[in-house]
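Number of protein chains: 4
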Amino acid sequence: MIKVGIIGATGYAGAELVRLLSRHPQVEFGALTSQSYAGKLIWEVFPHLYGLVDDRLEELNLPELVANCDVIFTALPHGHAMPVAEAVWQQGKRLIDLGADFRLKDAAIYQSWYKTEHTAVDLLASAVYGLPELYRRQIKDSRIIANPGCYPTSAILGLAPLLTNRLINPESVIIDAKSGVSGAGRGLSLKTHFSETTGNFQAYGVATHRHTPEIEQELSMLAGVPLTVSFTPHLTPMVRGILSTMYAKLNQDMTTGEVLAIYRRFYEGERFVRVLPEGMLPSTKAVAGSNCCDIAVTVDTRTKRVIVLSAIDNLIKGAAGQAVQNLNVMLGLPEDTGLDFAGMYP
Amino acid sequence: MIKVGIIGATGYAGAELVRLLSRHPQVEFGALTSQSYAGKLIWEVFPHLYGLVDDRLEELNLPELVANCDVIFTALPHGHAMPVAEAVWQQGKRLIDLGADFRLKDAAIYQSWYKTEHTAVDLLASAVYGLPELYRRQIKDSRIIANPGCYPTSAILGLAPLLTNRLINPESVIIDAKSGVSGAGRGLSLKTHFSETTGNFQAYGVATHRHTPEIEQELSMLAGVPLTVSFTPHLTPMVRGILSTMYAKLNQDMTTGEVLAIYRRFYEGERFVRVLPEGMLPSTKAVAGSNCCDIAVTVDTRTKRVIVLSAIDNLIKGAAGQAVQNLNVMLGLPEDTGLDFAGMYP
Amino acid sequence: MIKVGIIGATGYAGAELVRLLSRHPQVEFGALTSQSYAGKLIWEVFPHLYGLVDDRLEELNLPELVANCDVIFTALPHGHAMPVAEAVWQQGKRLIDLGADFRLKDAAIYQSWYKTEHTAVDLLASAVYGLPELYRRQIKDSRIIANPGCYPTSAILGLAPLLTNRLINPESVIIDAKSGVSGAGRGLSLKTHFSETTGNFQAYGVATHRHTPEIEQELSMLAGVPLTVSFTPHLTPMVRGILSTMYAKLNQDMTTGEVLAIYRRFYEGERFVRVLPEGMLPSTKAVAGSNCCDIAVTVDTRTKRVIVLSAIDNLIKGAAGQAVQNLNVMLGLPEDTGLDFAGMYP
Amino acid sequence: MIKVGIIGATGYAGAELVRLLSRHPQVEFGALTSQSYAGKLIWEVFPHLYGLVDDRLEELNLPELVANCDVIFTALPHGHAMPVAEAVWQQGKRLIDLGADFRLKDAAIYQSWYKTEHTAVDLLASAVYGLPELYRRQIKDSRIIANPGCYPTSAILGLAPLLTNRLINPESVIIDAKSGVSGAGRGLSLKTHFSETTGNFQAYGVATHRHTPEIEQELSMLAGVPLTVSFTPHLTPMVRGILSTMYAKLNQDMTTGEVLAIYRRFYEGERFVRVLPEGMLPSTKAVAGSNCCDIAVTVDTRTKRVIVLSAIDNLIKGAAGQAVQNLNVMLGLPEDTGLDFAGMYP
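Line by line, the protein sequences are chains R, G, E and A.
1 is the number of the first residue of the first sequence in the UniProt record's numbering; add one for each residue after it.
1 is the number of the first residue of the second sequence in the UniProt record's numbering; add one for each residue after it.
1 is the number of the first residue of the third sequence in the UniProt record's numbering; add one for each residue after it.
1 is the number of the first residue of the fourth sequence in the UniProt record's numbering; add one for each residue after it.
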């Protein structure tokens, strides 16, 4: 059994990790920490776990936790995973960070978008961007995994075949993304207050959202040239799910079928990316509760644009599920260990 | 491997059964039938199953299906399971009926509430009411299981300890139940049309709902005397879940703690009934996606009434999950085989 | 033009009052106060008012506000309207309090349920319970109106004809009430956090909710004898609306039609109480956005109980709309002035 | 009093028209027709109107209706308003068509997108596109008004200042639009079934939606050159509202403030277009229940794109409210007659 520690177990991503790992056959909990609820049993905070997980939440004792665990997960606001990474690194353990601290390879870009000093710059080169469909081999051998952001997961998986195969103009990419409210976390605010959010669809962070440089970094690498994108996130009155609608100019005339064939080849054998048959479109409900990313492609011959739709469950493939997938890759387990379930429908 | 057939695989209960059984380690599908979608692949009808279940839906060929399967599930409107039961019985197979045809022991009561002739009266005596927490031993040896209705599951589990222990006046029971809209099925109607249902809370079937005699039959048996109840179902603007609020007059002064102790004893060792600690109340979200029934009890000393709250996922413990639990009991498997997951939260 | 002041204009009831009164032909705003948002324009806090109401929110200066306004509305947590009432009384102005401070005639009961000292006991005898359908004449001449609670409005209107006409056993009354989340106000909490509340139905305040003594006071007066009730409020995943399901034992055999006839007579000529035709049931959606209370009655001959359903918009008939109705009664205006609109559907 | 007839009074747009016009001071109903519910009282179909509108729904008798009414509204599926228009035209009455039959000036384009023959081509030249903010003068004198589609209303109002002022590349326009489910009407389908739609965000009609040519026609006229757009509609799990997110390449460097100033000038004096202050973004909730269109603009200097957000209530400014606004323009009434209300929030 692998002993895991979860630092930040009572945010939504952390709690989802607890739920998933509590049924993972190779894992046991070394420690679950929570700043707000230390001392409580986890099910006092998350009632769905009553009778299933009986661990008590603790305050973080970093040296002890790292010493005691084989793999450490951090599900913390940005800036808080850096000291953990240092400790993990020094003690030869492994870290999967669900936050933003190790996603950007360039500390200057991190600092300019996150307005936070990066205090573990020396570790950036050792960190691997934890998108298994693209970086499986690197993840296997890495000790610091930067679990991707929810929006970037949907955008990068959606656009990778186009850019890798040089099918589109890299400067033409527009990503219009819509997320369920759980993406905003468990922290209280009017933006996530039931009466304000129900029946309410709205954009936020227009032209300023912090997932922009993360998307641009990864897409630029795939394209082989630096590119910028327009990325607009929206809040949708539902709990789980992201749907990203992406637009780009095709470099040449192609049919939907031709583009789809390229996608199918690109994702062949991938358990968690489902390239949908022509005529079927993704929906957040079809992936909610699962670790799948559903993708559809449409070529609009009138405008010579390709429109890509990709859907994920933001808390699973966009956070905790992908973290478990990364853990499985690291441990050499079948990638769907503990993740082999269908979404919940309806 | 046990070969199962599901007759009516594309209603919500049927599809949930497909989802659950597709991950059950001891089961394989013999046949999935659908009147509306015969000829299609199941994932063309339920997109969450894409890549996970590849079975093709068929029209029902009853003799062949029964011959070919060990256990048959029916998830059909009332009246349609009777001929299936006859065929199953004759061929020595086993039936778990998610509909109403074998729940009422008295055919006359069935006919008066369901306005349908009962054509398999001879089999009624062989049918067992499939509430494992009450009838585990009988289920094990039975060949016809009447899987309980969703409302009755929540009501009976909520009231059983009170009536069995003669703590309340049997004529004082009021059950005010609230269900998510998935309980109304996948059939189209204005009552289940998104724009009419969202933001809308309403009662229906006041004093006439067909689950009333089922509840009364089971509560009367527990009480040892015939009783009638007031049962009012309501439609709640959410997809999954039932919460029943139940009121009854206590026969003697008791504290909440005393009543709770009786509940804990009654459900000791039950994996799927969670008697909540004092101060914690059930909610549909805490059980959604799980096979659990959560129960809380409050004694109101001002009115000398006891108020019981019980919550289930109507499609799981209220339908497909309970059916799998019954299957496990029948087969002598651990009762949580294929059901060992927490609910999804948030 | 009547000059009105609203103390507490940025809670949901206060903001709804601003919306309604901004279109009232006989009213202008003297002052809108807000503790949290003083200094801001009202539409910076409530974007639907942009371009329609340009008033600036102020901190409360009680003497000045009272001197400057003809009618003062308080939409404050309990305990805060008492000093306002004293000032209003002394200066000969009129108060409509949307909070709880003047609803209970017995200060001892107030103190025991609200855990707050009542500091304006001398004014209690002058206060009138502002349910126009019952107390229209007294409201007209009063200077302190205690605007009823949202749950009590639906419960009292629903039960008044039965108790006034001595049709039921007064000790048998059970009120199972379901409210939209806006009833919990604009204050932030996990209970009203979108991701926790969506898809979640739950009870709260079981046997302890503060609207209980208010309901009991009014029902006792109608019945002519002191009575207690079981009252259970529930939180429903929708924004607006209350549906109360009420149960009582009939004193004699009656048909639904006979009871309905009594209701029709009782509410004859009432603009805002709609006794529905037999066969039609109330729903929160049919009243959302309106000042109506919809009522239906069903006699269950099996159990000899009558089941009453009543629905309101908690923020309108249950708060701000009823306050405007009270204002109209006070001023001798047609009762639907500024309230003559249908609900919004769907 | 003006006598109006509504043909198709029991779809959502028709019913909203009934609600709005029932409070319009200059209007009385000549006839309300319904194919599905002829013979019923309107409130038997729409319970919010109980006690407020008592008209009986009739089958359409076209000659009689036209003879009897001054202004006729059609709220019908495409193809059904043409014969009505012929009759209205011949009898010298006026028509406001909420459907698509008279929006496209080119019958060939109509036929190619709607797969329906246009049988009133002779009247197309007399029809005016009923967007009062752009065509107020023509509407005043016209006898056939083509009330704009819901998506086009939000898109055209959002982009008009940019195109009229030649600020953007006309070939760069992308419109990513999100609608509440009421836009799909009252007709039953799995797409609008509560359990399928709740918690579900999805695109539909990708590159094929029929509002595309309508948007292109109007934007081309504003731009002075023919243009094509990418238009992707999405279904959002809420009842009312459209938010359109629009992207275009700026022809020159500009600041958000500069663009906003142009918008403010363009919409100066418009009662129903609210150009939001910098830093404030539209949301569907802020306009739900009102006839307003809220607009915000952001310049992204990194990508040299301008991002425009515009929000409307699809049933009001996107349908029935705009029809009433057109009626007011036609009749020379203040444009907000019967429309002078704030949205409902929360």
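Treat each hint with caution, since some may be false.
Identical chains share a label here; the pair holds if one copy fits it or two copies do between them.
[Claimed, not checked] In silico EDC-like links for lysine to aspartate or glutamate, alpha-carbon gap of 16 Å or less:
no., residue 1, residue 2
1, Lys40, Asp122
2, Lys191, Glu44
3, Lys249, Glu171
4, Lys304, Glu171
5, Lys3, Asp55
6, Lys140, Asp336
No lab work stands behind these hints: they were computed from the structure.
**Asked** Which numbered hints does this structure break?
**Response** Violated hint: only 1; rest satisfied.
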